[in-house]
Amino acid sequence: MVREGYRQRLEELHTELIRMGALCEEAISRAVDGLFSGAPGLREHVSQLERDIDLKEREIESMCVRLLIREQPVAGDLRRITAAQRMIGDMERIGDQALDIAELSVRVSGAAAARDGHIADMAKAASKMLTDSVDSFVGGDIDAARAVIAYDDIVDGLFSEIRDELTDQISANSAGAARCLDLLMIIKYLERIGDHASNIAEWVIYSITGARDG
Amino acid sequence: MGAEIEISNLSVYYGAVRALTDVSLNIPEHGITAFIGPSGCGKSTLLKTINRMNDLVEGFRAEGGVTVGGRDVYGGIDVTQLRKRVGMVFQKPNPFPMSIFDNVAYGPRTHGVRARAKLEAAVEKSLRDAAIWDEVKDRLRRSALSLSGGQQQRLCIARALAVGPQALLLDEPTSALDPISTSKIEDLVTQLKAEYTIVIVTHNMQQAARISDRTAFFLLGELIEHGATEELFSMPSQKKTEDYITGRFG
Numbered sequence: 001m002v003r004e005g006y007r008q009r010l011e012e013l014h015t016e017l018i019r020m021g022a023l024c025e026e027a028i029s030r031a032v033d034g035l036f037s038g039a040p041g042l043r044e045h046v047s048q049l050e051r052d053i054d055l056k057e058r059e060i061e062s063m064c065v066r067l068l069i070r071e072q073p074v075a076g077d078l079r080r081i082t083a084a085q086r087m088i089g090d091m092e093r094i095g096d097q098a099l100d101i102a103e104l105s106v107r108v109s110g111a112a113a114a115r116d117g118h119i120a121d122m123a124k125a126a127s128k129m130l131t132d133s134v135d136s137f138v139g140g141d142i143d144a145a146r147a148v149i150a151y152d153d154i155v156d157g158l159f160s161e162i163r164d165e166l167t168d169q170i171s172a173n174s175a176g177a178a179r180c181l182d183l184l185m186i187i188k189y190l191e192r193i194g195d196h197a198s199n200i201a202e203w204v205i206y207s208i209t210g211a212r213d214g
Numbered sequence: 215m216g217a218e219i220e221i222s223n224l225s226v227y228y229g230a231v232r233a234l235t236d237v238s239l240n241i242p243e244h245g246i247t248a249f250i251g252p253s254g255c256g257k258s259t260l261l262k263t264i265n266r267m268n269d270l271v272e273g274f275r276a277e278g279g280v281t282v283g284g285r286d287v288y289g290g291i292d293v294t295q296l297r298k299r300v301g302m303v304f305q306k307p308n309p310f311p312m313s314i315f316d317n318v319a320y321g322p323r324t325h326g327v328r329a330r331a332k333l334e335a336a337v338e339k340s341l342r343d344a345a346i347w348d349e350v351k352d353r354l355r356r357s358a359l360s361l362s363g364g365q366q367q368r369l370c371i372a373r374a375l376a377v378g379p380q381a382l383l384l385d386e387p388t389s390a391l392d393p394i395s396t397s398k399i400e401d402l403v404t405q406l407k408a409e410y411t412i413v414i415v416t417h418n419m420q421q422a423a424r425i426s427d428r429t430a431f432f433l434l435g436e437l438i439e440h441g442a443t444e445e446l447f448s449m450p451s452q453k454k455t456e457d458y459i460t461g462r463f464g
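So the protein sequences, as listed, match chains A and B. The numbering used here applies: residue 1 is where the first sequence begins, and numbers increase by one. The numbering used here applies: residue 215 is where the second sequence begins, and numbers increase by one.
Just so you know, the hints here were simulated from the structure itself, not pulled from any lab data. Yeah, the Cβ is synthetic: ideal placement off N, Cα and C, and Gly gets one too. Keep in mind that a hint or two might mislead.
As the list claims (entries may be wrong) - Examples of chain A residues lying across from chain B (beta carbon under 7 Å, computed):
1. Val74
2. Asp153
3. Gly210
Stated by the list, open to error - Which residues of chain B face chain A? A few of them, derived with a C-beta cut under 10 Å, are:
4. Ser313
5. Ala423
6. Leu446
7. Phe447
8. Pro450
Stated by the list, open to error - Anything over 10 Å on all C-beta distances counts as not near chain B; from chain A, calculated:
9. Glu11
10. Glu26
11. Arg79
12. Gln85
13. Arg93
14. Asp143
15. Asp168
16. Ala178
17. Asp195
Chain A on its own, in the form it takes in the complex (with noise of 0.2 Å):
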């Protein structure tokens, strides 16, 4: 083996990639807690996870920039470095849209979003579709970055029930409004999370095929 310094930033880079994805995914898991248990502390919490993800997004850009500028590599190590250039972004955001869940979830009631079965369903498959995403990235596992992709149908038919069911409790009682317009938000950064995760999958699958079939 050759160019042994250039194989361990490589490696390097996959490590950083995987840990900033599990700040993504313990950002979002505090988050959707605090939703349903009104947790005081929580906000700090995944405020802190969000700028923990903006430095790594950095650290990584600067792994990436440098391993590009050093090594000039070609290929799959051209692609994945191109990927994670990507798929770093996309994890920023959804530190981000985990901020404005918990940041909301101060003002929505625990008790009564936790009633709403179908929210709950929500935030757990737009969890799932992260973690999914994360995992297909670590094992270079094609077919599971395409389930994540199919995935993001359930969470936009999600979506979709939910806003109804908010826009029928406004008209049946507006006084409540002001919480659905709260939840409404919640439901659209879920849904957001879900796109991001559904385009960290499209990265893993360029990474490994050159070609964005997402």
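Start from chain A and add chain B according to the hints.
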């Protein structure tokens, strides 16, 4: 104008050693084709086989076909005529120990051009085409050995162009040059492809990726893969190619 080079089922032997195995490759005109691969992979052997530079190597034997512009290279063509059609530039600049003018006029003179005005026109055109005219026009009578390495290499390209070839074979033409001289040669070669068929052997993969239109990857005497350069360097179809260009061996 350029000429297509066709290599079909070519095997080359040096005595009992087989240096190339059943290589088939079409090198289109008006383009730059790069040969890449580790040392000893057969890429220089193939380059030299195209204009019969291996003929005098002991034990050399070629089986299969090589044609330039449809003419069989090993089928009775006069070697001097062949090399007029197919010029070659080597790794180390090798100007003759004579004036800059005489270096470039050497080929036309060999091919019977005697008239002063005709020679001067041929020398100027070749030096202009080789992008060195402005640097040497005021010292054409000075020794070619007084030029820098990069200038000497461009002079060698001018010398090759002076006999009006169809194809140019470049055997690691910049490996002895500094980055500025290298980029001048690369720019020059890129301009020349409009008129000539160009084949370049290079160990510098970034160079192959920068300037060539097509790339052929050789390993242990076999052509592993060839195709559009951008494709070969982004999505090689063979694992051996991927392993070589990403530095996993070689």
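Tested hints:
1. Val74: Constraint on Val74(A) satisfied, holds at 5 Å.
2. Asp153: violated (29 Å)
3. Gly210: holds (4 Å)
4. Ser313: violated (41 Å)
5. Ala423: Because about 7 Å separates Ala423(B) from the closest Cβ in chain A, which is inside the 10 Å limit, the hint holds.
6. Leu446: holds (8 Å)
7. Phe447: holds (5 Å)
8. Pro450: holds (5 Å)
9. Glu11: holds (13 Å)
10. Glu26: It holds; Glu26(A) is separated from chain B by about 34 Å at its closest Cβ, greater than 10 Å.
11. Arg79: At about 7 Å from chain B, Arg79(A) fails to clear the 10 Å cut-off, so the statement is violated.
12. Gln85: Given a closest Cβ separation of 15 Å, the condition holds.
13. Arg93: Answer for Arg93(A): holds, closest chain B Cβ roughly 27 Å.
14. Asp143: holds (20 Å)
15. Asp168: holds (51 Å)
16. Ala178: Its Cβ never comes within 10 Å of chain B, the nearest being 52 Å, so this holds.
17. Asp195: holds (27 Å)
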